[in-house]
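So you can see what is in the structure, the chains are spelled out below.
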Amino acid sequence: NAGVTQTPKFQVLKTGQSMTLQCAQDMNHNSMYWYRQDPGMGLRLIYYSASEGTTDKGEVPNGYNVSRLNKREFSLRLESAAPSQTSVYFCASSERRSGNTIYFGEGSWLTVV
Amino acid sequence: AQSVTQLGSHVSVSEGALVLLRCNYSSSVPPYLFWYVQYPNQGLQLLLKYTSAATLVKGINDFEAEFKKSETSFHLTKPSAHMSDAAEYFCAVSESNQGGKLIFGQGTELSVKP
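Order-wise, the sequence lines are chains A and B.
Residue numbering for the first sequence follows the numbering used here, beginning at 1 and increasing consecutively.
Residue numbering for the second sequence follows the numbering used here, beginning at 114 and increasing consecutively.
Among the hints, erroneous ones may be present.
[To be verified] A short, non-exhaustive set of chain B residues, derived as facing chain A with CB atoms under 7 Å:
hint	residue
1	159
2	176
3	195
4	213
5	218
6	219
For the record, the hints were derived by calculation from the structure and aren't laboratory data.
Note that beta-carbon positions come from the ideal geometry of N, C-alpha and C, so glycine has one too.
Can you make the complete structure from the sequences, with help from the hints?
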C-alpha cells in the first residue's frame, strides 16, 4: 500500500536555490496538504488543495508555491530557499469532509545552508 | 480561531505505568479531534479521532481519549505503557466548517523507562 508518497526524502540546498517537493497519493482523495514540522511548534499548514484545480494558503505560506497537477499530485516549490525553511515537510491527503482522517507521507528533510 | 494546546512537551513514565497526555482545544464550532503518533523519522499515524459520536474514543494499541466539552479537553490515556509507545504524540483539531484541515498542537514526546 503506497498511500502518500513524497520525494525527495533528504535534500540540502544553498541559500537562494530553488527546488520542488513532489507528492502523490493513490487513495483517490480530493484534498491534499503540505505541512512543515519544526521542533516545539508541531505541524503548521503551508498550503492545501481542497480539490483538483484549487489551492489555498495555510498558516505559513510565505516563500512557497504549490501546484495541484491533477487529483493525485500536489507539489511544493521553494523559489529562493532561505535558512528559515530548514524543516521537515509532510504531504498529506484526505477526503474533503471535516472529520475525515488525514493520511501523511513519510516526510522530506530539507536543510538550507 | 481554533487552536490546540498540549500541556507538557515531554512526559516520562515507567513501563507498565499509566500514560496521560493532555490536550485542550479552542473552537467556535463543534470540533473534530484527533490524536496522531509519530515514531522517529517517520510520518504521522492516526491513533484515534472524535467526530461527535461517543465521547470516549478507543484507538489502536489500547489508547483511548475522552472528549469533555465542559473542559474543552481531549486527553489521551493508556493504562499500561510499553517501551514501544515511546514516540511523539500530536493532538489536532478540525472544525466542521473548515473542510479537512487540521490544526496541530506542539506535540508531546513520550519516554518510557524500563
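Now the hints, each set against the structure:
{"no.": "1", "hint": "159", "verdict": "5 Å, holds"}
{"no.": "2", "hint": "176", "verdict": "15 Å, violated"}
{"no.": "3", "hint": "195", "verdict": "23 Å, violated"}
{"no.": "4", "hint": "213", "verdict": "4 Å, holds"}
{"no.": "5", "hint": "218", "verdict": "5 Å, holds"}
{"no.": "6", "hint": "219", "verdict": "5 Å, holds"}
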